[in-house]
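One letter stands for each residue in the lines below.
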Amino acid sequence: MNRFKQACHMFLIMFKIGLFTFGGGYAMIALLQNEFVANRKWIEKDEFLDMVAIAESTPGPIAINSATYLGYRRAGVIGSAMATLGVVLPSFIIIFIISLFFDAFLSLEYVAYAFRGIQVCVTFLILSAGWKMFKSLKKTPFNLCLFSAVVVAMIVTNLLAVDFSSIFYILICGAIGLFAFLLGNLRKKNKTKREVEK
Amino acid sequence: MIYLNLFLTFFKIGLFTIGGGYAMIPLVLEAVVENGWMNEADFMNFLAVAESTPGPIAVNMATYVGSTQGGILGSALATLGVVLPSFCIILLIAAVIRNFLKYRGVQAVMGGIRPAVVGLILSTALTMILGTVLGVSDLKTVPAFDFRAPAIFAIIVGVSFLPKLFKKKKKLSPILMILISAVLGIVFYGFWG
Numbered sequence: 000m001n002r003f004k005q006a007c008h009m010f011l012i013m014f015k016i017g018l019f020t021f022g023g024g025y026a027m028i029a030l031l032q033n034e035f036v037a038n039r040k041w042i043e044k045d046e047f048l049d050m051v052a053i054a055e056s057t058p059g060p061i062a063i064n065s066a067t068y069l070g071y072r073r074a075g076v077i078g079s080a081m082a083t084l085g086v087v088l089p090s091f092i093i094i095f096i097i098s099l100f101f102d103a104f105l106s107l108e109y110v111a112y113a114f115r116g117i118q119v120c121v122t123f124l125i126l127s128a129g130w131k132m133f134k135s136l137k138k139t140p141f142n143l144c145l146f147s148a149v150v151v152a153m154i155v156t157n158l159l160a161v162d163f164s165s166i167f168y169i170l171i172c173g174a175i176g177l178f179a180f181l182l183g184n185l186r187k188k189n190k191t192k193r194e195v196e197k
Numbered sequence: 000m001i002y003l004n005l006f007l008t009f010f011k012i013g014l015f016t017i018g019g020g021y022a023m024i025p026l027v028l029e030a031v032v033e034n035g036w037m038n039e040a041d042f043m044n045f046l047a048v049a050e051s052t053p054g055p056i057a058v059n060m061a062t063y064v065g066s067t068q069g070g071i072l073g074s075a076l077a078t079l080g081v082v083l084p085s086f087c088i089i090l091l092i093a094a095v096i097r098n099f100l101k102y103r104g105v106q107a108v109m110g111g112i113r114p115a116v117v118g119l120i121l122s123t124a125l126t127m128i129l130g131t132v133l134g135v136s137d138l139k140t141v142p143a144f145d146f147r148a149p150a151i152f153a154i155i156v157g158v159s160f161l162p163k164l165f166k167k168k169k170k171l172s173p174i175l176m177i178l179i180s181a182v183l184g185i186v187f188y189g190f191w192g
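Residue numbers (numbering that gives the first Met the number 0), protein chains in the order written: chain E, 0 to 197; chain V, 0 to 192.
Simulated from the structure, these hints should not be mistaken for laboratory data. These numbers were taken from a predicted model, which means no experiment stands behind them. Here a beta-carbon is modelled for each residue, glycine too, at the ideal position from N, C-alpha and C. Be aware that one or more of the hints could be misleading.
What the hints assert, rightly or not - Here are the simulated DSS-like pairs of lysine-lysine, each with C-alpha atoms no more than 25 Å apart in a straight line: (1) K134(E) <-> K170(V); (2) K169(V) <-> K134(E); (3) K168(V) <-> K188(E); (4) K15(E) <-> K44(E); (5) K4(E) <-> K40(E); (6) K131(E) <-> K166(V); (7) K137(E) <-> K168(V); (8) K138(E) <-> K101(V); (9) K15(E) <-> K40(E); (10) K168(V) <-> K131(E); (11) K163(V) <-> K40(E); (12) K137(E) <-> K11(V); (13) K40(E) <-> K169(V); (14) K137(E) <-> K101(V); (15) K163(V) <-> K131(E); (16) K137(E) <-> K187(E); (17) K170(V) <-> K131(E); (18) K15(E) <-> K4(E); (19) K187(E) <-> K138(E); (20) K44(E) <-> K166(V); (21) K134(E) <-> K167(V); (22) K4(E) <-> K170(V).
Said to hold, decoys possible - So these bits of chain E aren't anywhere near chain V, every CB distance computed over 12 Å: (23) F3; (24) Q5; (25) Q32; (26) N33; (27) R39; (28) K44; (29) S90; (30) K131; (31) N189; (32) T191; (33) E194; (34) V195.
Given these sequences and hints, build the entire structure.
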């Protein structure tokens with residue numbers, strides 16, 4: 000019963016955070032840190048930083064990943080389910096309501112004009128998000144090679160209207176990363192073997 | 000079966016989006032266009048809404064597409080689909096393999112995926128700019144040039160550099176940028192056209 004109570008409490012906290020996070024995952028991390036590390040001291044700072052690293056490098060939105068992790072640490076599986084539900088519910092309700100009248104809203108003449116400007120702005124927002132990620136990418140030859148190969152292949156297939164899912168790029172590059180690592184390992188092993196034989 | 004399709008499509012998106020937020024844009028755009036659920040302009044319209052409302056973009060997208068294609072049930076299933084992969088994976092990590100990231104093999108795979116994700120986002124942005132700003136959607140059709148979209152783009156780029164000009168560290172929020180561009184849209188297309 001105690002655990003269930005904690006899970007419900009988790010739901011309320013995450014609902015509040017979900018409601019007030021504008022601008023996606025990274026904005027939420029600051030709120031989470033404030034709530035769980037600074038105020039409630041439910042989790043150590045080091046573990047929180049580890050959690051952020053895990054949330055960033057596993058599939059899925061950072062907000063969902065963090066909620067699942069923190070919920071589990073507080074109240075087990077039911078805690079993680081309640082925390083995830085809590086963080087999703089506010090946007091679900093808001094977007095569902097918007098979806099009911101968005102088309103009608105867009106068919107107003109001046110709203111349509113406004114959205115032609117907004118579309119241009121959205122391309123810029125995506126560009127600057129990508130640019131920010133590019134700047135924080137380590138510029139090793141390996142990274143730059145994969146990066147430019149993907150950019151060239153994507154733009155060419157897009158312009159020629161060839162069907163090639165971006166999932167394949169992710170899978171192929173993950174495989175290349177693993178392959179390069181194994182190859183490096185093999186080389187090291189051979190080298191030490193030769194040294195031993197000498 | 001639209002419900003199953005919504006669930007599976009967004010499950011796949013949830014499973015392959017690494018790096019949060021903007022990383023899922025190339026995948027979602029591809030999925031909604033392929034299924035005929037939205038065109039590129041609809042997608043960008045809604046992206047602006049997703050940016051200006053609370054919550055992760057992936058969840059907002061799933062809820063919206065699900066709702067327009069399959070009502071409340073479609074909306075719930077698409078959202079469940081996008082959330083489920085991360086939920087299971089994180090649960091596994093939190094419960095069993097706490098030091099998941101310390102495995103060298105995992106790091107190697109991540110090291111390959113990271114530059115690919117950045118490449119996907121930037122090239123999506125570039126093709127969107129070609130299409131929306133310059134009117135070039137593919138090589139077969141002659142671009143219909145219109146000065147208004149490039150003009151709006153130039154003004155937005157200029158505005159985004161304003162805080163730097165005044166030596167302010169804080170950047171303009173995306174919501175503010177969207178509002179400015181809405182005004183520009185009305186001025187350029189409403190009063191000029």
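Status of each hint after checking the structure:
| no. | hint | verdict |
| --- | --- | --- |
| 1 | K134(E) <-> K170(V) | holds (16 Å) |
| 2 | K169(V) <-> K134(E) | holds (18 Å) |
| 3 | K168(V) <-> K188(E) | violated (49 Å) |
| 4 | K15(E) <-> K44(E) | holds (22 Å) |
| 5 | K4(E) <-> K40(E) | holds (18 Å) |
| 6 | K131(E) <-> K166(V) | holds (19 Å) |
| 7 | K137(E) <-> K168(V) | holds (23 Å) |
| 8 | K138(E) <-> K101(V) | holds (22 Å) |
| 9 | K15(E) <-> K40(E) | holds (18 Å) |
| 10 | K168(V) <-> K131(E) | holds (15 Å) |
| 11 | K163(V) <-> K40(E) | violated (37 Å) |
| 12 | K137(E) <-> K11(V) | violated (28 Å) |
| 13 | K40(E) <-> K169(V) | violated (29 Å) |
| 14 | K137(E) <-> K101(V) | holds (19 Å) |
| 15 | K163(V) <-> K131(E) | holds (15 Å) |
| 16 | K137(E) <-> K187(E) | holds (24 Å) |
| 17 | K170(V) <-> K131(E) | holds (12 Å) |
| 18 | K15(E) <-> K4(E) | holds (17 Å) |
| 19 | K187(E) <-> K138(E) | holds (24 Å) |
| 20 | K44(E) <-> K166(V) | violated (32 Å) |
| 21 | K134(E) <-> K167(V) | holds (20 Å) |
| 22 | K4(E) <-> K170(V) | violated (41 Å) |
| 23 | F3 | holds (18 Å) |
| 24 | Q5 | holds (15 Å) |
| 25 | Q32 | holds (16 Å) |
| 26 | N33 | holds (16 Å) |
| 27 | R39 | holds (18 Å) |
| 28 | K44 | holds (16 Å) |
| 29 | S90 | violated (2 Å) |
| 30 | K131 | violated (9 Å) |
| 31 | N189 | holds (18 Å) |
| 32 | T191 | holds (17 Å) |
| 33 | E194 | holds (22 Å) |
| 34 | V195 | holds (22 Å) |
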